[in-house]
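Peer 1: All chains should be modelled from the sequences, with the hints used to inform the complete structure.
All residue numbers for the sequence shown refer to the numbering used here, where the first residue is 280 and numbers rise by one.
These are computed hints drawn from the structure, not numbers from a lab.
Every residue gets a Cβ at the ideal spot worked out from N, C-alpha and C, and that includes glycine.
Heads up, some of the hints might be wrong.
Unchecked claim - Label pairs and their computed distance ranges (CB to CB):
no. : residue 1 : residue 2 : range
1   : Lys352    : His402    : 18 to 28 Å
2   : Ile288    : Glu343    : 14 to 24 Å
3   : Lys433    : Asp309    : 42 to 52 Å
4   : Lys352    : Thr281    : 46 to 56 Å
5   : Ile285    : Glu401    : 43 to 53 Å
6   : Lys457    : Phe484    : 13 to 23 Å
7   : Thr372    : Ile413    : 44 to 54 Å
8   : Thr281    : Ile413    : 54 to 64 Å
9   : Lys284    : Lys433    : 44 to 54 Å
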Amino acid sequence: MTKDKIIVIGDKVDLVSTDNDVPFRAKIEDVRQDGMYIASIPAAAGLTTLVRVDNEMLMIFYRESGRYSVRVKIVDFLEKDRIMVAALTLLSTPEKDQRRQYYRLSVRSDAVICEYIENIEEHLPQREDIAEAIALENAGTKDVSITGVALITKNEYKPGEKYLLKLYLDETPRGRTKPLLICAEVMRTEYDRNKNTYRVGMNYFGQTKSMSEYLARYVFKQEQKQVMQRRLVEGE
Numbered sequence: 280m281t282k283d284k285i286i287v288i289g290d291k292v293d294l295v296s297t298d299n300d301v302p303f304r305a306k307i308e309d310v311r312q313d314g315m316y317i318a319s320i321p322a323a324a325g326l327t328t329l330v331r332v333d334n335e336m337l338m339i340f341y342r343e344s345g346r347y348s349v350r351v352k353i354v355d356f357l358e359k360d361r362i363m364v365a366a367l368t369l370l371s372t373p374e375k376d377q378r379r380q381y382y383r384l385s386v387r388s389d390a391v392i393c394e395y396i397e398n399i400e401e402h403l404p405q406r407e408d409i410a411e412a413i414a415l416e417n418a419g420t421k422d423v424s425i426t427g428v429a430l431i432t433k434n435e436y437k438p439g440e441k442y443l444l445k446l447y448l449d450e451t452p453r454g455r456t457k458p459l460l461i462c463a464e465v466m467r468t469e470y471d472r473n474k475n476t477y478r479v480g481m482n483y484f485g486q487t488k489s490m491s492e493y494l495a496r497y498v499f500k501q502e503q504k505q506v507m508q509r510r511l512v513e514g515e
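Peer 2: Right under this line is the structure:
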């Protein structure tokens, strides 16, 4: 294993849960002789709030040569110097990321699903008058990324179907701002029997450079906000 791939005591890492894809900052406190890594994790009243035993996660760390990631598993929780820590075991070999991973961030905002108008993506975002686009359902976002969105809906949508979305991402205390108009294709649908709703995963298509830049800024801002809320290390 090269020096870049070796994780050492003091490394600040981002842990990404497979449950919600939201990263939080942790610190490697120790490396045991049995190969276990001991990492500080967010906790409230002595209880962990984000991870559980047997959770598999992605651990991301940084070197001058780039960003590296490795799959890990939570095997135990301990208390070290009054700080809640987790014992992690590696499930893979650390590898350098060839491109940035786009987190799906848990974001709650309003959305309107509209009928897709043929080739409407060629006229967005300049075209603001879409009165002829029929609104099918008012929905809410479950999570948002630079490349797609997950919506909570009352109706089922089939993979491959295309829609025009109105995403009200930048809501303010004064109310909703002008929506982002973007086209999206359904990739998957999951039914929640308990809530009698559907989680619909969609990927954007046909977005312009300005739309992609807006989404990148929005997701980056939300990502930083959520990471800061989970950081244990002061002074960062």
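Peer 1: It remains to establish, for every hint, whether it holds in the given structure.
Peer 2: Results for each hint:
Judged by the Cβ atoms, the range 18 to 28 Å given for Lys352 and His402 is violated: they are separated by roughly 48 Å. A beta carbon spacing of about 18 Å between Ile288 and Glu343 agrees with the range 14 to 24 Å that was offered as a hint. Checked against the given bound of 42 to 52 Å, the beta carbons of Lys433 and Asp309, roughly 49 Å apart, stay inside it. For the hinted restraint 46 to 56 Å between Lys352 and Thr281, the CB-CB distance of approximately 23 Å leaves it violated.
For Ile285 paired with Glu401, a C-beta distance near 50 Å keeps the hint of 43 to 53 Å intact. Judged by the Cβ atoms, the range 13 to 23 Å given for Lys457 and Phe484 holds: they are separated by roughly 21 Å. Look at Thr372 against Ile413: about 51 Å separates their beta carbons, and that is inside 44 to 54 Å. Between Thr281 and Ile413 the C-beta distance comes to about 57 Å, which sits within the given range of 54 to 64 Å.
Range check, Lys284 to Lys433: about 47 Å between beta-carbon atoms, so the 44 to 54 Å window is met.
The structure does not agree with the numbered hints 1 and 4 stated previously, though it agrees with the rest.
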